[in-house]
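Novice: Sequence:
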Amino acid sequence: MDFWVALQLRTARASGWRDELTAHLEASRFCFPTDVVDSKAGKDEIKRMHLEHELKYSKRPHNRRVNYWRKLSIKYPFTFEYEELIGDWLAAKVTNFFFG
Numbered sequence: 001m002d003f004w005v006a007l008q009l010r011t012a013r014a015s016g017w018r019d020e021l022t023a024h025l026e027a028s029r030f031c032f033p034t035d036v037v038d039s040k041a042g043k044d045e046i047k048r049m050h051l052e053h054e055l056k057y058s059k060r061p062h063n064r065r066v067n068y069w070r071k072l073s074i075k076y077p078f079t080f081e082y083e084e085l086i087g088d089w090l091a092a093k094v095t096n097f098f099f100g
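Residue numbers are given in the numbering used here: position 55 of the sequence shown equals residue 55, and the series is strictly consecutive.
Treat the hints as calculated values from the structure; they're not laboratory data.
It is possible that some hints are incorrect.
[Unchecked claim] With a cut-off of at most 27 Å between alpha-carbon atoms, the simulated BS3-like pairs for lysine-lysine come out as follows: (1) Lys-47 with Lys-59; (2) Lys-75 with Lys-93; (3) Lys-59 with Lys-43; (4) Lys-71 with Lys-59; (5) Lys-56 with Lys-43; (6) Lys-71 with Lys-47; (7) Lys-47 with Lys-75; (8) Lys-75 with Lys-40; (9) Lys-56 with Lys-75; (10) Lys-59 with Lys-75; (11) Lys-43 with Lys-75.
Whole structure, please, built from the sequences with the hints as guidance.
Specialist: Listed below in structure tokens is the structure:
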């Protein structure tokens, strides 16, 4: 305990996971496993975040929930569908290449 008090008195600040992610973002560096979605750990992290966000959303009262699809036209509010996004990009690129 004395160690932490000494650090606080010397103006050191404790940081958590959110601060770690922010530091990586500001330094333009990848943060494993959050930013490496192709790995098994990245996929597990995305599943964990998906469940966490869905649980938080379902705990809200019905009149306080955001209707993502109806109001904002967001198809997947709690996940990142990378395969679908890349497929759409490739289809658009091929269309622009042949017809653009």
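Novice: Next step is simple, just say for each hint if it's right about the structure.
Specialist: How the hints compare with the structure:
1. The suggested pairing of Lys-47 with Lys-59 holds, with an alpha-carbon distance near 18 Å, which does not exceed 27 Å.
2. The suggested pairing of Lys-75 with Lys-93 holds, with an alpha-carbon distance near 22 Å, which does not exceed 27 Å.
3. With a C-alpha separation of about 24 Å, the suggested pair Lys-59 and Lys-43 falls inside the 27 Å cut-off, and the hint holds.
4. Distance hint between Lys-71 and Lys-59 is fulfilled; the C-alpha atoms sit about 20 Å from each other, no more than 27 Å.
5. A threshold of 27 Å between alpha carbons decides the hint, and for Lys-56 with Lys-43 the separation of about 20 Å falls inside it, so the pair holds.
6. With a C-alpha separation of about 25 Å, the suggested pairing of Lys-71 with Lys-47 holds against the 27 Å cut-off.
7. Only pairs whose Cα atoms come within 27 Å are accepted, and Lys-47 paired with Lys-75 is accepted, the gap being roughly 17 Å.
8. Proposed proximity of Lys-75 and Lys-40 is supported: the alpha carbons are some 24 Å apart, at most 27 Å.
9. With a C-alpha separation of about 18 Å, the suggested pair Lys-56 and Lys-75 falls inside the 27 Å cut-off, and the hint holds.
10. A hinted pair counts as satisfied when its Cα atoms are at most 27 Å apart, and Lys-59 with Lys-75 qualifies at roughly 21 Å.
11. Annotation: proposed proximity of Lys-43 to Lys-75 holds, straight-line Cα distance about 20 Å (limit 27 Å).
Comparing the model with each numbered hint stated earlier shows that all of them hold.
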